[in-house]
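S.K.: If you read the protein sequences in the order shown, they are chains A and B. The first sequence finishes on residue 372 if you use this note's numbering, and the numbering steps up by one all the way, no holes. The second sequence finishes on residue 1225 if you use this note's numbering, and the numbering steps up by one all the way, no holes.
Certain hints may be false.
The calculated SDA-like cross-link candidates involving lysine to any residue, where the alpha carbons are at most 25 Å apart (straight line), are [as the list claims (entries may be wrong)]:
1. B/Lys1204 to A/Glu73
2. A/Lys172 to B/Asp1181
3. B/Lys1204 to A/Leu115
4. B/Lys1204 to A/Arg74
5. B/Lys1006 to B/Arg1205
6. A/Lys172 to B/Ala1180
7. A/Lys172 to B/Gly1156
8. A/Lys344 to A/Val292
9. A/Lys172 to B/Arg1063
10. B/Lys1204 to A/Leu71
11. B/Lys1006 to B/Leu1023
12. B/Lys1006 to B/Val1201
13. B/Lys1097 to B/Asp1161
14. B/Lys1204 to A/Ala119
15. A/Lys191 to B/Lys1006
16. B/Lys1204 to A/Val67
17. B/Lys1171 to B/Trp1091
If you anchor each label on the Cβ, the simulated ranges turn out as follows [to be verified]:
18. A/Val67 to B/Pro1125: 44 to 52 Å
19. B/Phe1170 to A/Asn296: 52 to 60 Å
20. A/Trp226 to B/Gly1100: 53 to 61 Å
21. B/Asp1004 to A/Val144: 51 to 59 Å
22. A/Leu127 to B/Gly1100: 32 to 40 Å
Some but not every residue of chain B turned toward chain A, in silico, with C-beta under 7 Å [claimed, not checked]:
23. Ile1064
24. Leu1185
25. Met1186
Bear in mind the hints are in silico, worked out from the structure with no lab data behind them. These figures come from a predicted structure and were not determined experimentally. Note that CB positions come from ideal geometry on N, CA and C, so glycine has one too.
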Amino acid sequence: MSALSRTSAAAPVAAPHASTSGSVTAVMATVMLALTPATLYGFWLYGWPSIYLWLITVAFAMLGEAVCLRLMERRAVPVLFDGSAMLTGWLLAVSLPPWAPWWIGALGGLFATMLCKQAFGGLGQNLFNPAMVARVALLISFPVQMTAWVAPLPIDMAAAPGPISGLLVTLKGIPQGLDAVSSASLLGFAKTEMSRGVDLLQSLPHAPSLSWLGSRPGSLGETASWLIAAGGLLLIVRRVISWHIPVAMLAGIAVPAALLHLVDPARYLDATTHLLSGGAMLGAFFIATDYVTSPNTARGQLIFGAGCGVLTYVIRTWAGYPEGVAFAVLLMNSLTPIIDRYVKPRVYGRDRQGVALDAPAMAARPIVGREY
Amino acid sequence: MKTDYKTIVSDGLWSNNGVLSMLLGLCPAMAMTTSATNGFGMGLATAVVMAASSLLVALFRQRITQEIRIPVFILIVASMVTLVDLAMNAWMHELYKVLGLFIPLIVSNCLPLARLEAFAAKQPPLAALVDGLFMGIGFTLALTSVGAVREILGSGTLFADASLLLGPAFKAIEMRILPADMGVLMMILPPGGFLITGLMVVVKRLFDLRAGREIQMGGAHSAPA
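Work the whole structure out from these sequences, hints included.
M.R.: Take a look at the structure:
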């Protein structure tokens, strides 16, 4: 988005200029469309509480945006309709435990848009991905609620909470009587077992199952890996995002995972488990590719994506938390300005040193003011 | 020239507050404000150091030459900090066990140094003493309020362990605001220090804006002449 405003600020003088039909709203709408199948599938898996949590998170993210805009004495409605606050809330909601209490979603939504986005100056100004900052803030503030995963209980099953009792789950917490099996995610299970000295060869047969189709505990955005990946491919086909960050990030997770698994399968999970677990898919396609907080050039994006992937693997394998996508993306967000400084696109008509091509008279002279 | 003590006092307490206006001394303001009591204790220690070293620098201001002023300031502040450190260890040993690690760091706090450079080195001893004292009290107020907000949000208490600092009579002000499991853990971790300090600066500027006062932006302003 900052790129868009930059091109409009510098008035074109001559030469061919390609224009794009993609407004902020159109881009946001495409991303939301790509997220819809996975979200709906998640709603079906986790039932009414997850629907309410999603609604609350999105509503509070938009409320936070509106309040900030009013405080700055700007009109809230046009900015709200660009869809960015809704998408931020949506991405946060699909990274939360689906049966989390309502105030988790409310606090997270407000935190994301008010402190992580508008405090920096609004869309295009924030250094860090708002949804991920909010998720990390919630995770370190409320570790119990943020790691309470439930096993899927499809909405059409008799035991699943209906519209009313589902609302009570979101508002008052999970009741004792309800047949909701709280369960660890595979990454958490493996980490706990490893820490008490049971190696993976012994513990994995008892581990929670991991399926492409998504019948396993997790957030809305991690269970249906294939739907998330399909949504991501849609974004690439529609040219909303390029392939560089997702491919580099997934490779950054898969390559070290495969190598270390080969060396010692008793200590290191295999690559497939890593790719299908946690926020790997959501992070690679939807989180790390955020225009605002990722580098502008293709080479920069490859570095950024690989960094996200490797850091995710390092945090998952050796750090205290079982899942590391959010931390990895935030760490790489902070490096984005540095990457953008050192990895610059070649200026049109000049080589990488900034020397004009095919102009012997110009070649001897150093070009000043290459930075735009 | 007549010294305007009223301005010195109001500058120190509010309009040129060390933390909330000048954004100086942020290190202790974030590291030591996990509770109101910690912030208060750190603030008091700093205030004593500031008052004493301001007075000393003002007394010797004719003798301190321009070239060596910074080492001399540091030496004076360091001596005062050592005194406070030893006194606290002797008479408030329980609190010393909590704050002790951070007391020596007052030497490197830029707020005392900034006031010595900007005010005490150019003013008569009494004005310098008042300035150091009230800048210190303003610092204490800022640290106590940041600490209070973080403590309420983070652990749900207010002035916990105040009796260690102020004596058993103050047991009564130790309060529990929220149930024990309601705290937002992040607020007593480092990110909470940054967030709450930043939001307190926002609140102060809003107050000033409402009152129609000129907002003092960050930076060590020289004192009113």
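S.K.: Against each hint, give a clear statement of whether it holds in the structure.
M.R.: Against the structure, the hints:
With a CA separation close to 19 Å, the supplied pair B/Lys1204 and A/Glu73 stays within the 25 Å bound. About 15 Å separates the Cα atoms of A/Lys172 and B/Asp1181, which keeps this hinted pair within 25 Å; it holds. In summary, the hint linking B/Lys1204 to A/Leu115 is supported, as the alpha carbons are separated by about 18 Å, within the 25 Å threshold. For a cut-off of 25 Å, the pair hint linking B/Lys1204 to A/Arg74 stands: about 22 Å separates their Cα positions.
A hinted pair counts as satisfied when its Cα atoms are at most 25 Å apart, and B/Lys1006 with B/Arg1205 qualifies at roughly 21 Å. Distance hint between A/Lys172 and B/Ala1180 is fulfilled; the C-alpha atoms sit about 18 Å from each other, no more than 25 Å. Taking the CA atoms of A/Lys172 and B/Gly1156, the gap is about 21 Å. The hint holds against a cut of 25 Å. Between A/Lys344 and A/Val292 the CA atoms are separated by roughly 16 Å; this keeps the pair inside 25 Å, and the hint holds.
Proposed proximity of A/Lys172 and B/Arg1063 is contradicted: the alpha carbons are some 70 Å apart, above 25 Å. Of the supplied pair hints, the one linking B/Lys1204 and A/Leu71 holds, its CA atoms being roughly 15 Å apart against a limit of 25 Å. A distance of roughly 22 Å separates the Cα atoms of B/Lys1006 and B/Leu1023; the hinted pair therefore holds under the 25 Å criterion. Among the hinted pairs, B/Lys1006 with B/Val1201 is consistent with the structure: their alpha-carbon atoms are about 23 Å apart, no more than 25 Å.
Note on B/Lys1097 and B/Asp1161: the hinted pairing holds, with a Cα-Cα distance of about 13 Å set against a maximum of 25 Å. As the CA atoms of B/Lys1204 and A/Ala119 are separated by approximately 16 Å, the hinted pair is consistent with the 25 Å bound. A distance of roughly 62 Å separates the Cα atoms of A/Lys191 and B/Lys1006; the hinted pair therefore is violated under the 25 Å criterion. Taken as a hint, the B/Lys1204 and A/Val67 pair is honoured in the structure, with Cα atoms around 19 Å apart against an allowance of 25 Å.
Of the supplied pair hints, the one linking B/Lys1171 and B/Trp1091 holds, its CA atoms being roughly 18 Å apart against a limit of 25 Å. Checking the proposed 44 to 52 Å range against A/Val67 and B/Pro1125 shows it holds: the Cβ atoms sit about 50 Å from each other. Under the hint 52 to 60 Å, the C-beta atoms of B/Phe1170 and A/Asn296, about 57 Å apart, fit the expected range. Distance hint check: the CB atoms of A/Trp226 and B/Gly1100 are about 57 Å apart, consistent with the given range 53 to 61 Å.
Separation of B/Asp1004 from A/Val144 is about 55 Å and conforms to the stated range, judged on CB atoms against 51 to 59 Å. Between A/Leu127 and B/Gly1100, the C-beta spacing of about 36 Å keeps the proposed range 32 to 40 Å intact. Contact between B/Ile1064 and chain A, as hinted, is not supported at the beta carbon level, the nearest pair being about 43 Å apart and thus beyond 7 Å. Below 7 Å, beta-carbon pairs count as interface contacts, and B/Leu1185 has one with chain A at about 5 Å; its hint therefore holds.
Interface hint at B/Met1186: satisfied, since its Cβ lies 4 Å from the closest Cβ of chain A, which is below the 7 Å cut-off.
In terms of the numbered hints stated before, the structure departs from hints 9, 15, 23, listed from lowest to highest.
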